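Here the protein sequences come in this chain order: A and B.
Going by numbering that gives the first Met the number 0, 255 is the number at position 256 of the first sequence; the sequence numbering is gapless.
Going by numbering that gives the first Met the number 0, 188 is the number at position 189 of the second sequence; the sequence numbering is gapless.
Some hints here could point you the wrong way.
[Unchecked claim] Dumping the calculated BS3-like pairs for lysine-lysine here, alpha-carbon to alpha-carbon at most 25 Å:
1. A:K113 <-> A:K204
2. A:K187 <-> A:K113
3. A:K233 <-> A:K148
4. B:K302 <-> A:K113
5. A:K276 <-> A:K149
6. A:K111 <-> B:K302
7. B:K198 <-> B:K173
8. B:K302 <-> A:K204
9. A:K187 <-> A:K311
Treat the hints as calculated values from the structure; they're not laboratory data.
Bear in mind that the values here come from a model prediction, so they are computed numbers and not experimental data.
Below are the chains, spelled out letter by letter.
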Amino acid sequence: MRMKLGLNYQAMLGILLVVLIIGFGIMEPVFFYPDVIFDVTAIIGEIGIMAMAMTFIITTGGIDLSVGYILQLSAIVFGAVFTATGSLWLAVVLALLTGTACGFLNGLIISKTKIPPLVTTLATMNLFRGLSMIIAGTNSYSGFPDIFKKFSTIMIFGIIPIQFIYLLVFFIIFNLFYTRGSLGRNLKGIGFNENALVFSGIQTKRIKLFIYTLSGLLCAFAALVYLGRLSSAKTSMGNDLNLQVITAVVLGGTSTMGGVGSIMGTFIGVLIIGVLKKGFTLLNFSGNIFNFTLGVMLIIALIVFAVLEARKGKARKQAKPASS
Amino acid sequence: MLGLIVAAFLLFLSLTTNFSSKSGVFSLLLDVSPTIVGAIALSMIIITGNIDISAGTILGFVAFAAGSLSELGVHPVIFMSAGLLMGMFLAGLNGWISVTFRVPSIVVTLAMNMVHLGFYATFLPNAGWVENLGDNFTWLGQSRFFGLVPYIFIVAMVVAFASMFMMRYTRFGKSLYAVGGNRQAAIYAGINPDATVIKVYLLEGLLLGIAGLLKATTANEIMPSAFQGREMVFIAAAVVGGMNIMGGSGRILGAVFGAVFVYLLSITMIYLGFQDYFQFALQGIIILIAVFITVTDFGQLRKSLRQTFAAAVKTPGA
Chain A
0 MRMKLGLNYQ AMLGILLVVL IIGFGIMEPV FFYPDVIFDV TAIIGEIGIM AMAMTFIITT
60 GGIDLSVGYI LQLSAIVFGA VFTATGSLWL AVVLALLTGT ACGFLNGLII SKTKIPPLVT
120 TLATMNLFRG LSMIIAGTNS YSGFPDIFKK FSTIMIFGII PIQFIYLLVF FIIFNLFYTR
180 GSLGRNLKGI GFNENALVFS GIQTKRIKLF IYTLSGLLCA FAALVYLGRL SSAKTSMGND
240 LNLQVITAVV LGGTSTMGGV GSIMGTFIGV LIIGVLKKGF TLLNFSGNIF NFTLGVMLII
300 ALIVFAVLEA RKGKARKQAK PASS
Chain B
0 MLGLIVAAFL LFLSLTTNFS SKSGVFSLLL DVSPTIVGAI ALSMIIITGN IDISAGTILG
60 FVAFAAGSLS ELGVHPVIFM SAGLLMGMFL AGLNGWISVT FRVPSIVVTL AMNMVHLGFY
120 ATFLPNAGWV ENLGDNFTWL GQSRFFGLVP YIFIVAMVVA FASMFMMRYT RFGKSLYAVG
180 GNRQAAIYAG INPDATVIKV YLLEGLLLGI AGLLKATTAN EIMPSAFQGR EMVFIAAAVV
240 GGMNIMGGSG RILGAVFGAV FVYLLSITMI YLGFQDYFQF ALQGIIILIA VFITVTDFGQ
300 LRKSLRQTFA AAVKTPGA
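Kindly produce the complete structure, drawing on both the sequences and the hints.
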């Protein structure tokens with residue numbers, strides 16, 4: 000029953016994706032050009048990478064509102080270190096360390112105290128935002144070397160953006176861990192009933208610490224991928240990425256109550272966001288309309304998912320007397 | 000808690016001499032009033048175990064609705080009730096979606112926050128900017144008793160006392176604690192938790208409407224997007240004031256003092272010459288510390304520490 004419903008929901012998402020592509024294509028025929036289609040996969044690189052870790056987190060019933068600002072802080076640290084020392088490798092390493100440290104802080108607070116993830120990350124979000132503003136002030140950092148930019152601007156076979164490759168690699172790895180092996184099972188277990196896992200001897204606190212730290216690391220990596228494309232680090236970047244990442248994950252069918260989710264769904268969700276973003280850019284819509292649409296979509300996705308869940312619950316209730 | 004706030008208050012007073020002047024007191028009372036009302040609104044939501052991230056942007060809609068109607072020259076009673084209704088509608092919508100579809104309020108209100116912001120920029124004329132509001136609009140915010148106490152401070156105090164009375168002596172107030180403390184027990188006690196949560200969101204909307212009007216009427220122009228981020232101040236004030244973020248406990252009086260504390264802290268930082276972006280970082284840290292203090296069971300912590308300590312002392316002897 001669950002399996003069938005999952006497929007149904009993902010099929011709905013797939014149809015939505017195709018409808019969007021065709022819709023934008025009719026409004027703006029340029030959309031069908033292969034390089035435009037592939038550009039969609041270039042602009043979702045950073046969101047997609049962050050959404051993979053976010054799927055893990057939301058599956059446990061948690062949430063990370065600070066991802067956009069971890070990305071921002073890592074990018075600012077990268078820019079500041081590179082401008083100060085001129086050493087690319089030092090900057091990359093420090094940026095990755097910054098992201099990991101931010102994620103570790105989140106994980107530490109969430110796993111060691113009783114403060115819920117939502118409040119923790121709401122607070123650390125402001126903390127990271129403040130820190131990056133303290134470091135950068137009104138400065139923006141640019142002038143990164145070409146070799147750095149290549150990491151996010153190279154085209155494979157001259158047409159497939161490298162971000163798509165990153166995203167595919169992360170997708171395959173995360174999907175493997177999520178669907179097979181004990182990690183994915185434990186994540187869903189934490190979302191359903193954490194106490195039951197604790198009593199069966201699983202170190203749920205350690206798992207939580209791990210996934211939030213992992214999320215921080217991926218945010219830092221996403222920051223580097225993003226920077227290569229933007230070529231300047233400033234404190235306005237990453238501001239609206241929180242919502243995009245959460246929308247992608249929730250749209251993909253991962254329940255905010257925890258316990259249910261799918262990396263495949265997240266992948267499609269990310270693609271849908273990319274198509275919307277590209278389509279809106281081509282149609283000359285402003286970023287505000289995009290954010291507005293995303294917010295409305297997130298709410299609709301929540302409602303559709305809730306209605307499907309309720310129907311499933313009803314079906315199960317009706318099926319029960321018959322089977323027992 | 001009270002001692003802490005009084006101590007902080009004295010510290011700020013000594014640091015920033017201009018509080019003791021008459022205009023200093025006036026601007027303190029003027030600025031803190033909307034924060035008090037907003038903190039009370041968020042406190043009620045937090046007591047039921049929910050949250051509202053879109054509180055700041057709801058204030059923007061309230062201010063826009065009232066301001067644009069006032070510009071048309073309607074009677075204050077009309078534009079003020081329009082503002083209050085706007086607040087109740089938007090907050091009620093949050094509560095309704097969250098309850099009906101069993102979605103955590105954090106996700107709904109986070110999405111609503113973006114929807115509101117996008118709505119300002121996309122659909123409101125001039126991004127909702129209203130200028131040159133006359134006395135018709137600003138009489139509430141800019142008048143004062145005896146040249147010292149602003150009207151809006153009186154309004155905030157009335158709201159505070161009414162809320163305290165409601166939370167302590169009415170069935171509805173008690174049911175908020177019940178729903179936030181133990182939902183199942185509340186159901187067994189004959190409380191309908193869903194209806195209670197929707198009602199508390201409506202009430203929050205009403206209070207946000209009041210807060211929005213108090214804030215908006217102090218100036219003669221309105222920029223809805225400027226209200227973004229106020230929710231963090233309200234949440235900080237509520238949790239500093241002792242609201243348990245898991246729901247079920249906290250007092251309205253605490254929220255009032257929390258609002259005063261957060262406001263004094265920010266004004267002192269500005270006075271000492273910190274840039275406003277330090278406040279983002281500080282707000283985050285304050286929320287974390289306050290939440291840590293309210294959710295941690297210190298009796299339990301002390302016990303386990305003592306046991307560890309006792310074990311450590313015993314081991315060498317044994």
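Q) Which of the listed hints are not met by the structure? A) Nothing - there is no hint that the structure violates, so all of them hold.
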